[in-house]
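Which chain is which? The protein sequence lines are Z, G and R, in order. Mapped onto my numbering, the consecutive letters of the first sequence carry residue numbers 592 to 898. Mapped onto my numbering, the consecutive letters of the second sequence carry residue numbers 592 to 898. Mapped onto my numbering, the consecutive letters of the third sequence carry residue numbers 592 to 898.
Some clues are possibly wrong.
Which copy is meant is left open, so a pair is good if it fits within one copy or across any two.
[Claimed, not checked] Straight line, CA to CA, 27 Å or less: simulated DSS-like cross-link-like pairs of lysine-lysine:
| # | residue 1 | residue 2 |
| --- | --- | --- |
| 1 | K843 | K611 |
| 2 | K749 | K708 |
| 3 | K622 | K810 |
| 4 | K714 | K624 |
| 5 | K611 | K622 |
| 6 | K708 | K624 |
| 7 | K739 | K749 |
| 8 | K714 | K622 |
| 9 | K739 | K714 |
| 10 | K792 | K611 |
| 11 | K708 | K843 |
| 12 | K624 | K739 |
| 13 | K740 | K714 |
Just so you know, these hints were derived from the structure itself, not from any lab.
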Amino acid sequence: MHVLSVDQFDTKYLDDLFSKTQEIENTLLDKSKTEELAKKHLAKQVCTLFYEPSTRTRLSFETAALKLGMGVVSTENAAGFSSAAKGETLEDTINVLNNYRLSAIVIRHTDTGAAEKAASVSKVPIINAGDGAGEHPTQALLDAYTIKKHFGRLDNLKIVMGGDLKYGRTVRSLCRLLAFYPGNHVSFVSIPELQMGDDIKELLTSSGTTFDETDDVTKVFPDSNVVYWTRLQKERLENPGSIDKGGFTLTKDNISLLPQDSIILHPLPRVDEISPEVDSDPRAKYFEQAGNGLLIRMAILDIIASA
Amino acid sequence: MHVLSVDQFDTKYLDDLFSKTQEIENTLLDKSKTEELAKKHLAKQVCTLFYEPSTRTRLSFETAALKLGMGVVSTENAAGFSSAAKGETLEDTINVLNNYRLSAIVIRHTDTGAAEKAASVSKVPIINAGDGAGEHPTQALLDAYTIKKHFGRLDNLKIVMGGDLKYGRTVRSLCRLLAFYPGNHVSFVSIPELQMGDDIKELLTSSGTTFDETDDVTKVFPDSNVVYWTRLQKERLENPGSIDKGGFTLTKDNISLLPQDSIILHPLPRVDEISPEVDSDPRAKYFEQAGNGLLIRMAILDIIASA
Amino acid sequence: MHVLSVDQFDTKYLDDLFSKTQEIENTLLDKSKTEELAKKHLAKQVCTLFYEPSTRTRLSFETAALKLGMGVVSTENAAGFSSAAKGETLEDTINVLNNYRLSAIVIRHTDTGAAEKAASVSKVPIINAGDGAGEHPTQALLDAYTIKKHFGRLDNLKIVMGGDLKYGRTVRSLCRLLAFYPGNHVSFVSIPELQMGDDIKELLTSSGTTFDETDDVTKVFPDSNVVYWTRLQKERLENPGSIDKGGFTLTKDNISLLPQDSIILHPLPRVDEISPEVDSDPRAKYFEQAGNGLLIRMAILDIIASA
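The shape of chain Z in the complex, shown without the other chains:
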């Protein structure tokens, strides 16, 4: 019922969800079907309960709900519920909202585990839209959907992941999804201080997913299907200068090494780790990827509201 963590998924769930997502994508190509869809859940409402602003994610969920005919009530100021003077536990807030006859509560929180805590008392489905250093499962789903859509599969792919692999939530979650499928190989590209954690590497190994580590994109780009790039957070580094020399910025030059049929993804926002000149390359799919978030969230909300 709840959507809390990548851990709760399996290939069956992903297959069904991605079929549903594709179905919605097709529906939106047809004007009269789109209008039909916009009446489907007319009497239902979703609450976007955000304890910190995350406008991109919130607008994506809200547009998704509206396209299904659902009403939206919203706050980016949910921390007000637990303000100093009127302190209220997250559980109490969820208990109150449970009596507002909502069809789903989309929660964004600063604290790791907050979505799980909310779900533990909620009879209304909770969707985790990011909880601190914890999970952001719909991001992982939209990443996987984007790959699936392009290649028709999520197995036997060569994926390069670059940037801050140690702290990056998205690369860690995507690894866990890729490990469900056979024959994938991941190349981790980062500086040593920000390389992928051992927990994920062990998970890959135990699932039979191979990987290598490098700090040189030229070695791995020529034989890649997917480049998943992320922001290298200079503020985490002792010697930020080392990044600039390392080729951790995608440019027309280094992406010329990529096969024609490969795709370049990024969870956004990007700062300067992808040069704007890359945007017009047909392999650059990061804005389309953001749009797939709308579709995935429509599919999830539709499934939940139809239950």
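Based on these hints, arrange chains G and R on the given structure of chain Z.
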């Protein structure tokens, strides 16, 4: 037309409103009637004009509007209208919104009397969602509806009110509603510094409603129908330590003195004046009470939009 | 497609837009036609992307969208997109939103030229709702519509503009619209330090629109059709005391000089440059003018969503 103060109600109004509320509650049990209701006021819009955040109340009103098919425009930042540089009077703001062809304006304000002031220039119905130390009439209505729903009546009840009775807006308003009905008896439980004000006591006396005062819950709990508990605001006290010894926290232990058919209410948020262990007791109705706010607000908005 | 600047309009566009606006105003007089209109764009959504709060403008656009059946997703906190830690360019934000399948993006920004920049990368229509010291084209349109509605024409009018003419965005834009039409005469009333800029005076001259400058309302009021009053921003002046002696506050007294059929406009908010006693005068149209903003925005959104 406007809903500004408990003073404007009488038993006829409450009877009609509570019938309407019950009718809406029944409607929401039926899927196709719920969908019908969600189309009822399709072309109408409500503005939630909040000069301070009160997310619980705002989301309740907005969900209520959406369930009636009304659109919602909203701000929690209405103070921006009267910002230093662009100072605008409340009356001007209301005059502008009066030309936006809205069906109702729900106002929350920091200043006592603001809702009255807004109504004085408004041709569009104003609903007071709390104005400073002033009124919050829909809270009083949902409190009374919760009691009515459980006991089938608002007369001949024994009501214990506990906590900060001196400054608490909700207990004061509820007393004024209970005074409409014969045979009620109120027991005020607080420390002397925070006991109920003389104005309310005089109003009760003049209406024939009896009351007593105590600081000992064990004396009044065994013979109560309703316990209405509120937060004791320690920051208002010279000697806050005295509270902790006073039994002003509801626990499994002290609520065991209550009759089986009694109910425990609280306007929420609660901090530590009701122990979480009480939540699972069937007499604890405070979350359901919050949900009744949605129903009361639907009834009020439906009446206003149908006028 | 985009609505960015007064410069993009011509008399043909204004004629069509004002006909459409009048048509919508008539529709809203009819209950069943209003309900029909509220279903017209059921499956479409608008985003109000505000980098600074402007509640009046935002609520006007959002109510307009809802009355056309469109859903609204909204932020007043769009600056969060480009927050220090996660810096994102405006172009990237627009590229993301372009993939959310929206019908229009209404942007309010602190930087002059931001709407133009957004439009340069957007396939979705951008509507400029004010960008810094730049443009606010729908304000100019609603001003012109209010005049047109009253006099049946936008030519051969005598318009007094008063207040801060040097920095005031609205008077400058209105001058540019009036210059499209023959036979208008503008009287600029201000103190020398805040008189109209030479660029606008040259534009008027080159279009054959005559003007004069004065600091004395008694000279120009007796022969005026329109008084367009704005706030004199004392904080911009070296000697603010000079204003108070200058008669720059509209009062019952000085507006008694105006012809019976004239109208008084103001872009709002007003502070003390129009005395509240003027509000009840039938010539005072500034609140109605604000309501015309709703109608103009409905017309614009309807045209865009129907394209």
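Status of each hint after checking the structure:
1. K843 to K611: neither (36 Å within a copy, 48 Å between copies)
2. K749 to K708: neither (36 Å within a copy, 38 Å between copies)
3. K622 to K810: Result: close neither inside a copy nor across copies, 47 Å intra and 60 Å inter.
4. K714 to K624: Answer is between: at 23 Å across copies they meet the 27 Å cutoff, but 31 Å inside does not.
5. K611 to K622: Classified as both; 18 Å inside a copy, 24 Å across copies.
6. K708 to K624: neither (38 Å within a copy, 34 Å between copies)
7. K739 to K749: within (13 Å within a copy, 65 Å between copies)
8. K714 to K622: This pair counts as between: shortest inter-copy Cα distance 19 Å, intra-copy 35 Å.
9. K739 to K714: between (33 Å within a copy, 26 Å between copies)
10. K792 to K611: Classified as neither: same-chain Cα gap 31 Å, cross-chain 61 Å, threshold 27 Å.
11. K708 to K843: between (45 Å within a copy, 24 Å between copies)
12. K624 to K739: Within one copy, since 24 Å is at most 27 Å while 41 Å is not.
13. K740 to K714: between (34 Å within a copy, 23 Å between copies)
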